[in-house]
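Participant: In order, the protein sequences belong to chains A and B. Just so you know, the working numbering puts 199 at position 199 of the first sequence, and the rest follows in order with no gaps. Counting the second sequence from 1 gives a position; the working numbering is that position plus 1000.
Partial list, computed: chain A residues near chain B (C-beta under 7 Å):
#1 52
#2 54
#3 74
#4 78
#5 83
#6 85
#7 89
#8 92
#9 93
#10 94
#11 102
#12 103
#13 106
Residues of chain A clear of chain B, computed beta-carbon distances all greater than 12 Å:
#14 131
#15 188
#16 189
Chain B stretches covered by chain A per the calculated footprint, using a threshold of three residues with CB under 8 Å from any CB of chain A:
#17 1080 to 1093
#18 1215 to 1228
#19 1271 to 1282
Bear in mind the hints are in silico, worked out from the structure with no lab data behind them. Please read these numbers as outputs of a predicted model, since none were measured by experiment. Think of the CB as a built atom: it goes at the ideal place given N, C-alpha and C, for glycine as much as any other residue.
Here are the chains, one letter per residue:
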Amino acid sequence: MSVPLLSCRGLQIRAGDRCLVQALDLDVAAGERWALIGPNGAGKTSLLLVLAGARPAQEGTIALAGRPLQQWSVEQLAGLRAMVADRWIDPFATSVQDTVVAARYRLGAGAGASAGGTGTAAALARDCLMAMDCLPLADRDVRYLSRGERQRVALAAALAQETRLILLDEPISHQDPRHQMQVLQVLQARAGCTYIGALHDINAAARFATHALLLYGDGRWVAGCAATVLTQETLSPLFETAIVEVDTGAHRVFLSHG
Amino acid sequence: MSRRAVLQILGLAALLSLLGALRFGSVDIGAVALLEASIDLVKGRDDTSLAAALLALRLPRAGTAMAVGGLLALSGALLQSLLRNPLADPYVLGVSGGASCAAMLAIAGGAGAAAIALSAAGGALLALTLLFALAHRALFARDVLLDPGKDSAILLTGVMIASLSAAILSLVLSLAPDGRLRTMVFWLLGDLGGATSPVLAALALLTLLVLWLVAQRDAAALNLMLGGDLQAYTQGVPTTRVRRRLIIVTAVATGMAVALAGAVGFVGFVAPHLVRRVVGADPRHVLPAATLLGAVLVLLADTVGRCVAAPLQLPVGALMALIGVPVFIWQLQRP
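Generate coordinates for the entire structure from the input sequences, incorporating the hints supplied.
Facilitator: Here's what the structure looks like:
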């Protein structure tokens, strides 16, 4: 078997005196799409930050492309993985186009050339904006976008970073129903791209993800194929509420029945 | 207006205000005399004419004024970006407070100009060391990427150091001998009267150039850091290193400016603001433009201060605010 793109061994993540994740072993192969599922505060964002290298784990090791995470430089990491956070800080006026072009920082000054500039960076930024259905916003000020629009701009910026792995923190939390599906379909259609994403919408997760990691928030976790892990028997105790599974023929639908 | 045009206009403005500063004063030098005097000065003679003698006095002062303005505007632009706070100015970290305290103590003790400047620099360094020691966690920790308190920890520590300095300052002022109070007040208002050394002026301009180059190298990284450390980090910016380096740049710039001219307020706050309205928020464009504008503003303010009530000289800091505040408010009123 080839080297997994990302693997964790014995990972422990604590927040204060709470143990969120205990002894996590995880192998994510290239092309897989993992959904992180769990109740509020279960450690989904913390795990994503640890996997991104932005926060140290209390115990355990993480390897990216077969090499320990801490042996990659910050610049190299930016070429391997992108992250879409669930909050944005926009203190000054900046155009949508500039925000997406700036995400290509690791590629040097040429790629980050000023707004409206020539060359591939601007063209690529436009492609990414188009993919996320925000091309008409290109010249708008990011501060005055709606939350949903701002979120899609952040997704476009992550695509513009051109990485094999994208970490997603609630990537569709602000999207309307049409854009929820559209965003996930665009991500899914990108050849060879690997995703690890926290998702609250179990139905979106069930359609998007190939694998799922359930986090209980007390250290326990369950990982496996989405089809076997996402069931009413596992999800009901996870969320401590009754969840029933309905087969519509086309796909499975989960209903909260608490 | 294109960003290149803005820089060209500011460069021209710097040249014109330099010529104006050399020409005008308690005695005006005509254009021809100015040229002749410059040639004399280049040949190393400043005793051939009154113009040459005046030029030998005005040139270092003008150079110092430009350096001070540039240094303060550069550190203001850096701090506003680093702290993601448009209200930040170079004095907010308490570095100038430390410099002022030390300078006041030196003046109270009867020190000369050089000793005052040296102790101001020492005071700035002391305040900076204190800031780094106290805001250690926020500046060096690995695990604070999402901590919203991080920026405010640096800011608040700086504000506290500034307040402490202000307290010590008032004690020194209240205990100082009457004869020295005038010197002290002038120093605190920002005064270029002591800027007579061509070596110091050249050194200050050189420092400004070096600091700007260091900052400009990090400008693209700083641009990403405007969007938060987490985003910048995942996009390839070693945020902690960049932040530390730029904080040192701002502290050295502020300390140097305060040591040379006392506490010249306003320019570090307003120059980046005005520039941002024209070239946008990207530090790659803001840093050079704000630095140039700061140099122009302080030089103009000092020239006006030397001329309006000649032979009296008004403190540049007060003039700076008198000219700048209306301009800034007018700018804010525009849609």
